[in-house]
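> Residue numbers (this note's numbering), protein chains in the order written: chain A, 7 to 329; chain B, 7 to 329; chain C, 327 to 581; chain D, 327 to 581.
FYI, nobody ran anything at the bench for these hints, they're computed from the structure.
Don't take every hint at face value.
[As the list claims (entries may be wrong)] Okay, the calculated bits of chain A under chain B, using three or more residues with CB under 8 Å as the criterion: (1) 20-32; (2) 41-52; (3) 207-221; (4) 263-269.
Here a beta-carbon is modelled for each residue, glycine too, at the ideal position from N, C-alpha and C.
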Amino acid sequence: MSPEEVDLSTAICGVHLRNPTMLASGIVGLSGEVLARVARCGAGAVVTKSCSLKPRVGHPNPVVVDYGAGVINAVGLSNPGVEAMVAEIRDARELMGEERVPIVASVFAHSIYDFGTVARYISEAEPDLIEANISCPNVEEEFGQLFSSTPYVAAQVTRRVKSSTNIPVIVKLSPNVPNIAEVAKAVVAAGADAISAVNTAGPGMLLDVESARPVLTNRVGGLSGPAIRPLAVRCVYDIANAVSVPVIGIGGQSDGRDVAEMISVGAVAVGVGTAVYRRGMEVFRHMTTELAELMARLGIDSIERLRGRGLPAGAPGRPGSDA
Amino acid sequence: MSPEEVDLSTAICGVHLRNPTMLASGIVGLSGEVLARVARCGAGAVVTKSCSLKPRVGHPNPVVVDYGAGVINAVGLSNPGVEAMVAEIRDARELMGEERVPIVASVFAHSIYDFGTVARYISEAEPDLIEANISCPNVEEEFGQLFSSTPYVAAQVTRRVKSSTNIPVIVKLSPNVPNIAEVAKAVVAAGADAISAVNTAGPGMLLDVESARPVLTNRVGGLSGPAIRPLAVRCVYDIANAVSVPVIGIGGQSDGRDVAEMISVGAVAVGVGTAVYRRGMEVFRHMTTELAELMARLGIDSIERLRGRGLPAGAPGRPGSDA
Amino acid sequence: MIPQMSRITRVLFENRSVATFELDACVDAEPGQFLMVWLPGEGEKPISIMDPDPLTITVARVGPFSTALHQRQVGDAVGWRGPFGRPFTVDGRHLLLVAGGYGAAPLHFLARRACDAGISTTLALGARTGDDLILVDRFRAIGCTTVLATDRGDVGYQGFVTDAILPDLAQFDRVAACGPEAMLYAVARMCWDAGVPAEVSLERYMKCGFGICGQCAMGDKLVCKDGPVFDIEELRHNRDFARFTRTATGRRVSL
Amino acid sequence: MIPQMSRITRVLFENRSVATFELDACVDAEPGQFLMVWLPGEGEKPISIMDPDPLTITVARVGPFSTALHQRQVGDAVGWRGPFGRPFTVDGRHLLLVAGGYGAAPLHFLARRACDAGISTTLALGARTGDDLILVDRFRAIGCTTVLATDRGDVGYQGFVTDAILPDLAQFDRVAACGPEAMLYAVARMCWDAGVPAEVSLERYMKCGFGICGQCAMGDKLVCKDGPVFDIEELRHNRDFARFTRTATGRRVSL
Ligand SMILES: Cc1cc2nc3c(=O)[nH]c(=O)nc-3n(C[C@H](O)[C@H](O)[C@H](O)COP(=O)(O)OP(=O)(O)OC[C@H]3O[C@@H](n4cnc5c(N)ncnc54)[C@H](O)[C@@H]3O)c2cc1C
Ligand SMILES: Cc1cc2nc3c(=O)[nH]c(=O)nc-3n(C[C@H](O)[C@H](O)[C@H](O)COP(=O)(O)OP(=O)(O)OC[C@H]3O[C@@H](n4cnc5c(N)ncnc54)[C@H](O)[C@@H]3O)c2cc1C
Ligand SMILES: Cc1cc2nc3c(=O)[nH]c(=O)nc-3n(C[C@H](O)[C@H](O)[C@H](O)COP(=O)(O)O)c2cc1C
Ligand SMILES: Cc1cc2nc3c(=O)[nH]c(=O)nc-3n(C[C@H](O)[C@H](O)[C@H](O)COP(=O)(O)O)c2cc1C
Ligand code: FES
Ligand code: FES
Numbered sequence: 007m008s009p010e011e012v013d014l015s016t017a018i019c020g021v022h023l024r025n026p027t028m029l030a031s032g033i034v035g036l037s038g039e040v041l042a043r044v045a046r047c048g049a050g051a052v053v054t055k056s057c058s059l060k061p062r063v064g065h066p067n068p069v070v071v072d073y074g075a076g077v078i079n080a081v082g083l084s085n086p087g088v089e090a091m092v093a094e095i096r097d098a099r100e101l102m103g104e105e106r107v108p109i110v111a112s113v114f115a116h117s118i119y120d121f122g123t124v125a126r127y128i129s130e131a132e133p134d135l136i137e138a139n140i141s142c143p144n145v146e147e148e149f150g151q152l153f154s155s156t157p158y159v160a161a162q163v164t165r166r167v168k169s170s171t172n173i174p175v176i177v178k179l180s181p182n183v184p185n186i187a188e189v190a191k192a193v194v195a196a197g198a199d200a201i202s203a204v205n206t207a208g209p210g211m212l213l214d215v216e217s218a219r220p221v222l223t224n225r226v227g228g229l230s231g232p233a234i235r236p237l238a239v240r241c242v243y244d245i246a247n248a249v250s251v252p253v254i255g256i257g258g259q260s261d262g263r264d265v266a267e268m269i270s271v272g273a274v275a276v277g278v279g280t281a282v283y284r285r286g287m288e289v290f291r292h293m294t295t296e297l298a299e300l301m302a303r304l305g306i307d308s309i310e311r312l313r314g315r316g317l318p319a320g321a322p323g324r325p326g327s328d329a
Numbered sequence: 007m008s009p010e011e012v013d014l015s016t017a018i019c020g021v022h023l024r025n026p027t028m029l030a031s032g033i034v035g036l037s038g039e040v041l042a043r044v045a046r047c048g049a050g051a052v053v054t055k056s057c058s059l060k061p062r063v064g065h066p067n068p069v070v071v072d073y074g075a076g077v078i079n080a081v082g083l084s085n086p087g088v089e090a091m092v093a094e095i096r097d098a099r100e101l102m103g104e105e106r107v108p109i110v111a112s113v114f115a116h117s118i119y120d121f122g123t124v125a126r127y128i129s130e131a132e133p134d135l136i137e138a139n140i141s142c143p144n145v146e147e148e149f150g151q152l153f154s155s156t157p158y159v160a161a162q163v164t165r166r167v168k169s170s171t172n173i174p175v176i177v178k179l180s181p182n183v184p185n186i187a188e189v190a191k192a193v194v195a196a197g198a199d200a201i202s203a204v205n206t207a208g209p210g211m212l213l214d215v216e217s218a219r220p221v222l223t224n225r226v227g228g229l230s231g232p233a234i235r236p237l238a239v240r241c242v243y244d245i246a247n248a249v250s251v252p253v254i255g256i257g258g259q260s261d262g263r264d265v266a267e268m269i270s271v272g273a274v275a276v277g278v279g280t281a282v283y284r285r286g287m288e289v290f291r292h293m294t295t296e297l298a299e300l301m302a303r304l305g306i307d308s309i310e311r312l313r314g315r316g317l318p319a320g321a322p323g324r325p326g327s328d329a
Numbered sequence: 327m328i329p330q331m332s333r334i335t336r337v338l339f340e341n342r343s344v345a346t347f348e349l350d351a352c353v354d355a356e357p358g359q360f361l362m363v364w365l366p367g368e369g370e371k372p373i374s375i376m377d378p379d380p381l382t383i384t385v386a387r388v389g390p391f392s393t394a395l396h397q398r399q400v401g402d403a404v405g406w407r408g409p410f411g412r413p414f415t416v417d418g419r420h421l422l423l424v425a426g427g428y429g430a431a432p433l434h435f436l437a438r439r440a441c442d443a444g445i446s447t448t449l450a451l452g453a454r455t456g457d458d459l460i461l462v463d464r465f466r467a468i469g470c471t472t473v474l475a476t477d478r479g480d481v482g483y484q485g486f487v488t489d490a491i492l493p494d495l496a497q498f499d500r501v502a503a504c505g506p507e508a509m510l511y512a513v514a515r516m517c518w519d520a521g522v523p524a525e526v527s528l529e530r531y532m533k534c535g536f537g538i539c540g541q542c543a544m545g546d547k548l549v550c551k552d553g554p555v556f557d558i559e560e561l562r563h564n565r566d567f568a569r570f571t572r573t574a575t576g577r578r579v580s581l
Numbered sequence: 327m328i329p330q331m332s333r334i335t336r337v338l339f340e341n342r343s344v345a346t347f348e349l350d351a352c353v354d355a356e357p358g359q360f361l362m363v364w365l366p367g368e369g370e371k372p373i374s375i376m377d378p379d380p381l382t383i384t385v386a387r388v389g390p391f392s393t394a395l396h397q398r399q400v401g402d403a404v405g406w407r408g409p410f411g412r413p414f415t416v417d418g419r420h421l422l423l424v425a426g427g428y429g430a431a432p433l434h435f436l437a438r439r440a441c442d443a444g445i446s447t448t449l450a451l452g453a454r455t456g457d458d459l460i461l462v463d464r465f466r467a468i469g470c471t472t473v474l475a476t477d478r479g480d481v482g483y484q485g486f487v488t489d490a491i492l493p494d495l496a497q498f499d500r501v502a503a504c505g506p507e508a509m510l511y512a513v514a515r516m517c518w519d520a521g522v523p524a525e526v527s528l529e530r531y532m533k534c535g536f537g538i539c540g541q542c543a544m545g546d547k548l549v550c551k552d553g554p555v556f557d558i559e560e561l562r563h564n565r566d567f568a569r570f571t572r573t574a575t576g577r578r579v580s581l
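For reference, chain A alone in the conformation it holds in the complex:
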């Protein structure tokens, strides 16, 4: 089999992707023009930076540091607000023209109520999918725990978002929970059409020894990149063993082999974050080529055939399982 014969197309809730590489949220995807460029660089779909009702400046610099094994960030969910993001999404779509790839709008809020409002608002831009980033502090809860920390709260957010839009909803989970499968089950029961996993891990902290100051102004930040790849693979495996909705695997994927690994544990597509900076925006084309070559070598001719090969027989996330 030649790499050209491999069918790399995949789908999330009926939305067709020419290949399974997607931009991860918060990675370069602030503007419509850059989203369109990422599409030109070969991504199967693009995801916007997460936006909230109001614009947010985020944390002061430094906000992102590459510590070698991975990246740590506390950008603080800075974004121009949902109104501006609606315009950026429209711009992206227009600029993509013929070579249009699906656009996923990522949203977040600090209350369950606002999650619904921002989801309704962003729907005006008619994104193909909405991703609810629930890895942010819930100001209504004590300690501002993350929405994604408990199955119960995660489900509440999901219900609210679902009832605010007709666009399919992806819920993005945090890996920093005792049992991610439980959270996955809860959000699916609450109506999530798909799951993406994972957001950044940790949190972690780095210190400058000389000044004895945390390197990030926010002191702590989430880990991403190669450091967290095994964690992300395990999370997706656990989720695909628990639910049958499409899963977008995210966390540390750098090349075609890593994409194949994620799909083998049940993902339908793979979000690419840190590697976009490490290998440049062309990473989507590179990963796709590497994936096709690998699949051709292994004699696997479609994503559907690759998907879930590493899951136990009968796992809900395996194609053809009737869970």
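Mind docking chains B, C and D with the ligands on chain A? Use the hints.
What follows is chains B, C and D with the ligands alone, placed relative to chain A:
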């Protein structure tokens, strides 16, 4: 100030260490002879592989894989049993002779009761300190949750170990908990004389794409090495903000700067695991030299002065705080 | 790349609002690249490399961060990481540098490399008043011809530096410019018209500084990674160049 | 280093219990280094490199893993990572190789390198019966002189291979050996006595294979990282050499 003028000595519960680098448990420290060699390589203290009442073969190979950003392992707590370990500790002490460094005996069990028994038994070898590795499944609990997962169970183990020995007890915590400070407070309230943090993170999983099999026979394993450094630093920071007992910081330290970073967030000493393989057993001497050079350059003349510089004023883990 | 701390070995006040800081470090960089300069507790900002060895930066006091930096003295520590970004091309036989304000800083580094390479180098420097013309002596010391222009006309040509050099543009086979975006646009226009190859160094609000966060988007370019130096041909159809920028939230606003 | 999968391109049965597997891979290794060979679902075991290009291993069927490997056929996949460990020294003018059983495998790789380097190389190979003498033709094909010994005496010298070569030891200025530990100890004794530099390749139960777990401790050495090849001078005072080994739990037991 010259590096020679820097006082690198430190102490854990009154046990003196010539420098703050310690071997981490489970790293090469299976035999008395190798422990003695690690001491000759410059370690400030050595920690044995964790032992249980009965010998254990552990998981079948593959059990350890370097995935680039870090290491993933599921050795499965293989060990020759406490009886053999008593002999190894005695052997280590004898072989160290004059150049004797403190020996920490690491123990674990799968029931709270056995934790006490193994601690009593290992005390016969008169180690300087006992480390209770509570990052192992508790067979008495449903799902075999780790002892370290909940403050309550962690405290029960601590109490049992404390009541079984007169040797000071270090409790080793897992980073995979929602709030490590709560676990630290609980074990200290239960009598822990010191804390070591962290054990491996995750768990993670790696898949071989061709065979669609997990690379580790145990499927999942714990992450260590540079990948987890920010996580470990954040955990030690959180612990030193919550309790005043000595903390041994462990997780991803590779050089003198990393040691200084850990001590700056409150650790009295640093456990070295993955770097022992990556830089060789001489890593202890290298790290110590690098640490002394760095401290000399910064004009910090003792570990006591370095310790907790990165903690908030008044944090319990800062020297001189009266918490 | 974690910031490293270096000590200030020399501070030179260029005028009442611009100071040059020499650090006890050197950096393996190309002209036009920048650093993220960190003052723990005060923030981190993109700053061009004025000289790589010893590492030297020239900073205008414009707000909280730059004011804090100006208060630092010899012996104080400054954090930095980098170099980041795409550099200027060191090429041509007759190179014209067009600088406005602290834009002279990266061009100084370029001038040094160009002069070392035997390229005849002319600096055209514009500012509001004579006092705002910075680094002139340094450029002369490394062998640059200088053309000065001030709005007031108290030193050199009175008016825009771009107007001052326009008549002589044909003498140059390459142009490099750094300064206010309106000036860069004027340079680009001139060079598009005259068919002279030119590069300009741009600024946008930066967060990561290395191409991961998307904050510095200018059209479909990321200024921190695709730039800050752009060939003017890359900017011909850029919708934002000289027209739009982005605030710290990422909102696109008119320049 | 994650295991990589390669396909078997050739299987050669050396005798009823030893088979040689050629893989569609090559490895950048030195003689004496080993791989961790993985059969997903069957486990992972240390195996010496018999030839690096194409990657070739020779394995004796002794238990579950090696039996599973022997059942693999051309086209089947085998996982491996490495090379690990410290290699033999390729040196001297008259090199004697002493092999017992599948110890011939790493020595074949060494013989190839030694012959390529113009070193006159003699292989002394011992086994129980003539049928157990493996790889003899390969050694001859690359230019080695061979001395054979069998317990039964059906081929070559009757008795231990060490006894067979002892009288001629003075002809050699370097010895390399691999095989049962008792044999290696006999070689070491001979060479200590005769003052001939020698290296021996040892085995211990391995888990990680790269010096992190401590399982393969032999005295204060880690066989996987400090070895498997040791200069006999390093072993003079080793308390475990030829006396103690460690079980899979790490317990020290008499050999
Ligand atoms: C590639 C590049 C190179 C630069 N080189 C130099 C230099 O060599 N010398 C020099 O004096 N200045 C340089 N600057 C500008 C410098 O970054 C700003 O002047 C500085 O950030 C001002 O911070 P402040 O707190 O003093 O002022 P503020 O009051 O915060 O801001 C004043 C101005 O600086 C801009 N600014 C603030 N924060 C940032 C940021 N994070 N990224 C980009 N712009 C910001 C604001 O948009 C505003 O226009 C450079 C900028 C860029 C993008
Ligand atoms: C550095 C090194 C190089 C080796 N090279 C070769 C080679 O080229 N060809 C070859 O046939 N064999 C080689 N071996 C031995 C090979 O690893 C064992 O024969 C194999 O592990 C047996 O596994 P099994 O399941 O077939 O048998 P088992 O029944 O499991 O064991 C049979 C024998 O192999 C030993 N063994 C089992 N597991 C291990 C392990 N994880 N590590 C070390 N020894 C083990 C046992 O102690 C026992 O002596 C080498 C061993 C080492 C340490
Ligand atoms: C700088 C940065 C900003 C991010 N911003 C967001 C965000 O706004 N919303 C979100 O859901 N995830 C955000 N993430 C998380 C990524 O989308 C992704 O889940 C994570 O980085 C793991 O993938 P990676 O290892 O490929 O980077 C961000 C990550 C980074 C590094
Ligand atoms: C191969 C391996 C075996 C380990 N075995 C043990 C063990 O027996 N007991 C224990 O408490 N920790 C064990 N650990 C965890 C280490 O002691 C340490 O906490 C962890 O590796 C993080 O440190 P590092 O990043 O420096 O490796 C093991 C780690 C590795 C990599
Ligand atoms: S500043 Fe983050 S991409 Fe440019
Ligand atoms: S096998 Fe693990 S140290 Fe040698």
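> Mind checking, does the segment 20-32 of chain A have 3 or more residues with a CB under 8 Å from chain B?
Violated - the segment 20-32 of chain A has 0 residues with a Cβ nearer than 8 Å to chain B, which falls short of three.
> Take the segment 263-269 of chain A, compare each residue's beta carbon with every beta carbon of chain B, and decide whether three or more fall closer than 8 Å.
It holds: at least three residues are needed, and the segment 263-269 of chain A offers 3 whose Cβ sits within less than 8 Å of chain B.
> Using a Cβ cutoff of 8 Å, are there at least 3 residues of the segment 207-221 of chain A near chain B, or does the coverage claim fail?
holds (count 12)
> Three or more residues of the segment 41-52 of chain A near chain B by CB distance under 8 Å?
violated (count 0)
The structure does not agree with the numbered hints 1, 2 stated previously, though it agrees with the rest.
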